[in-house]
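Peer 1: This is what each chain is made of:
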Amino acid sequence: MRFKIFFFLFFSILTSTAKQIEVCNSCNIKTITEAIKISVAGDTILVKKGVYKEQNIIIDKSISLIGEKGAIIDGENEGGILIFETDNFTIKGIKIINVGLSYTIDYAAIRVVKAENFIIEDCILEGVFFGILIEKSKRGIIRNNKISSDRKNEASSGNGIHIWSGSEMEIYNNELFGLRDGLYFEFVKKSKIYKNVSHDNIRYGLHFMFSNHNIYHHNEFRNNGAGVAVMFSKFITMYNNTFKLNWGSASYGLLLKEIYDAEIYNNLFEENTIGINGEGCTRINYTNNTFLRNGWAVKIAGACYANIFEKNDFMHNSLDLAYNSKVNDNKFENNYWSEYTGYDLNNDGIGDIPYRPVKLFSYIVNKTPEALVLLRSLFVDIINFSEKVSPVFTPDNLMDKNPIMKRIND
Amino acid sequence: MKINYLKPIIGIFVLLFVISCKVEPQPIEYGKDQCSFCKMNIVDKTHAAQYVTNKGKQFKFDSIECMINDLSNKNEGDMAMLLVANYGKPGEMIAAKTATYLISKKIKSPMGANLSAFSSKSKAEEFKQQYGGENYTWITLKQKLSDK
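Here the protein sequences line up with chains A and B, keeping their order. If you want the working numbering, it's the 1-based position in the first sequence plus 4. If you want the working numbering, it's the 1-based position in the second sequence plus 19.
These are calculated hints, taken from the structure and not from any lab test. Some clues are possibly wrong.
[Said to hold, decoys possible] List of simulated lysine to aspartate or glutamate pairs, DMTMM-like, C-alpha gap at most 20 Å:
| # | chain 1 | residue 1 | chain 2 | residue 2 |
| --- | --- | --- | --- | --- |
| 1 | B | Lys125 | A | Asp110 |
| 2 | A | Lys330 | A | Asp400 |
| 3 | A | Lys371 | B | Asp89 |
| 4 | B | Lys76 | A | Glu374 |
Chain B on its own, in the form it takes in the complex (with noise of 0.2 Å):
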């Protein structure tokens, strides 16, 4: 009879164990997850973004221009992860240093910056060429948005 109260206990202190200390992106749930900075609910998938700590905590943005907003009151060096929504490829996440963006205003985000990113240089070009725009790269978009 012990061993039945037991188990359930058990089984939780296990999976508190197991889930508690990943340093791995949980994967946003779209219509249901919120914002870290702006409060609202995260439906886009083309345009979402999150990091995640060195100590594994999660923040999931509705946006690019929000995780950067709120990086800027934040230590880069302090996440283990910076991910952006590949546009090309709705509902995948990239690694946000490495992608290529583009601002374009054919091609509206959720915050107004009308910001998008892309796996690669040359499929940011393609988009560029058919909607106009300029491209950016992690860097360079940081004081772009900053300089406003």
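Isolated chain A, as found in the complex (with noise of 0.2 Å):
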């Protein structure tokens, strides 16, 4: 009962120095920017519906901006349109629409700049050149937005959720598509990204770049240029991922390049030209992965080491595996091959003959990829047959001696 009475107090006192500001066209205050102006820390600012023609609104003072439903502002397209640039802040519940477009400046719906502790909600962003954008911050919280763009045929579109030097930042529950990056993360450490959709956008549906110590899961990226691309970062975890209908040529489920000490397990790789493309990472373990229906499941380049492939499902792939170096640094134990015509006669569940995933017809299209036209054909059969029955051209000791017979993740 005390406590009640405690938290009464505590909360009557609260609402009594912080006020609301209402915002509408019939208001006192018809602007976002005059509420702004008027308002001091603590203060909540709450957006009628209505459509507010407003850009370049600086912010820097710690308050809430609340939006009712059918509250819009449009930026008309001439430029950037929320600037925060102070800390503990929300934003929640506004549809932001019509950014402006340039190619040197980098317009956003919502622009932070160094800030920390902020919460970014239920926010509905539309006809974006850059989205979200934040600059050097750390702490925020970046949940339930919608963010698209319709700039299609144009290549000079943002990104969508652009984190440019940060850290402890958590992304979830976001929907991303018609982007040129549904995410991408420059510089940024420690941070979660998790249960959002990525889809349809021009370059990829997440970009990390020389960012460390970052964890996703539990996204699904669908349909973008290449799923994700990991480039320079180290100590990446990456789980319960779908990355599937990466078609093109250009396209992969999982990019990775230049990067070191990363965890990749129980992912869902479908129908992507390439599964995943790897150059130059190490020591990564893939456990567990489902590769479905790919052109190519795996392609490692060079500098590829101390990889671990263990507990993979390889499903009806065209290609399992290609290869370009003569020397195999990386392990291949344990996985499921649909291709693997070997038997079990201890019926141990373990096949009794290794797994080669590699055919030389991989190395022929490696070297010219015009030669695909004859996959499928009597032909590349027969010079599968003969490298299986002499190996000549895969280094000796890339094979799955242990392979299992049955699928992993049925």
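Starting from two chains that each stand alone, build the complex the way the hints lay out.
Peer 2: Structural data, given as structure tokens:
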């Protein structure tokens, strides 16, 4: 009982000091800019239903900006819209449309500069150049937003959520489409990305650049230029994600370039041109992933060392593995290969003869991509068979000595 | 009836003949083409680069630094054309050897070198005044990037 009284008093003090400012077309305060001018830290600005044609609104006080259903800020394609230069703010339920386009200035619907402890939630951003652009900030939460753009044919579109230099960010339940990159992390540390859906973007669903110690899981990346690109980053954990339908000559489910010490597990790679393309990646553990009906399941280019592929399902891919080096420093163990034609006489669930995932044909395709038209022809079957019988091109230790007979994730 | 089959085939051969031997830059298809060096999709009209070899083979890059990194393993004499995107005029490609370059922290480029190219020295100077940084020529730029 005492507690209740205490809380009642506490909240009544809180509400009496912080005031709520209403903005609408028939109120005393008609624009958001005006409301921000008269507000003090701790206030709430309630934006009522209506269209507000405003740009470059600078917010430098710790306030909450809450939108009623139907509150729309229209940037009229002229520039950036909200710019937060403060700590401890909240923005919720606002719809922002028509952000200006520029080749040299990064206009954003919501731009955050040098902030800590903020929340951006339930916003709808449409026709944006950059959606949410965050610079040099910490401990922000971005959730339940829907960010989209329709500048499909113009490659000069911006990114959905772009974080440049930040740490401890949490990004979840967002939907991003029609942008350049759905999410872009540049110099970001210790952040989490989960339960987002990023689809139909021109470049990547998610893109890491020079960002270490990050985790992303339970996301869906569908029909992007490439699902996810992780570049020049260390200690990235990726699990329970879906990468699918990234089709096209330059398309990948997951593109890895110069990355070290990553964990990749429980992911689904379905119908991508290349499931995983790795170049210069070292000490990466691939466990329990499913590769389903990809062109190439895994393509490993030069300088990939000490990677371990364990207990993965390789299901009906045109080519399971492409490898362009003579030396093999990677380990394949206990995977399921749908192409495996061996037998299991002692019934221990492990095939009695090793499986060689690299086919001679995949070497030929590596050298001359045009040879791909021969796929599924009798000629290719014959050369693959000959390589199976007496391997000449595959590094002799590149094989799964103990392939398993049954699917893992059935 | 026979002629009907032949026509498209002749057409294809003529087309192949015409398109296969030209030493000319193909326009970059932004959002579709891929960087030959780092495998990223090329989307940035202000930082793209490309070269064409003497044999007419096309190489396209998402950033100027990628092209320079790629050239460090190759012979520059084999290249018929070296082109970089003009930062002042997005979408336009200019000759790499005569361009003036600017490395400025305020102008970010796709692969982190903060490098942009300009058609003239005065234009580069103008952007340098505005954003800060350092100007380079093709020769000094290659030295700068290989020093790292």
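Peer 1: Decide, hint by hint, whether the structure agrees.
Peer 2: Here is what the structure says about each hint:
no. : hint                : verdict
1   : B/Lys125 x A/Asp110 : 11 Å, holds
2   : A/Lys330 x A/Asp400 : 9 Å, holds
3   : A/Lys371 x B/Asp89  : 19 Å, holds
4   : B/Lys76 x A/Glu374  : 15 Å, holds
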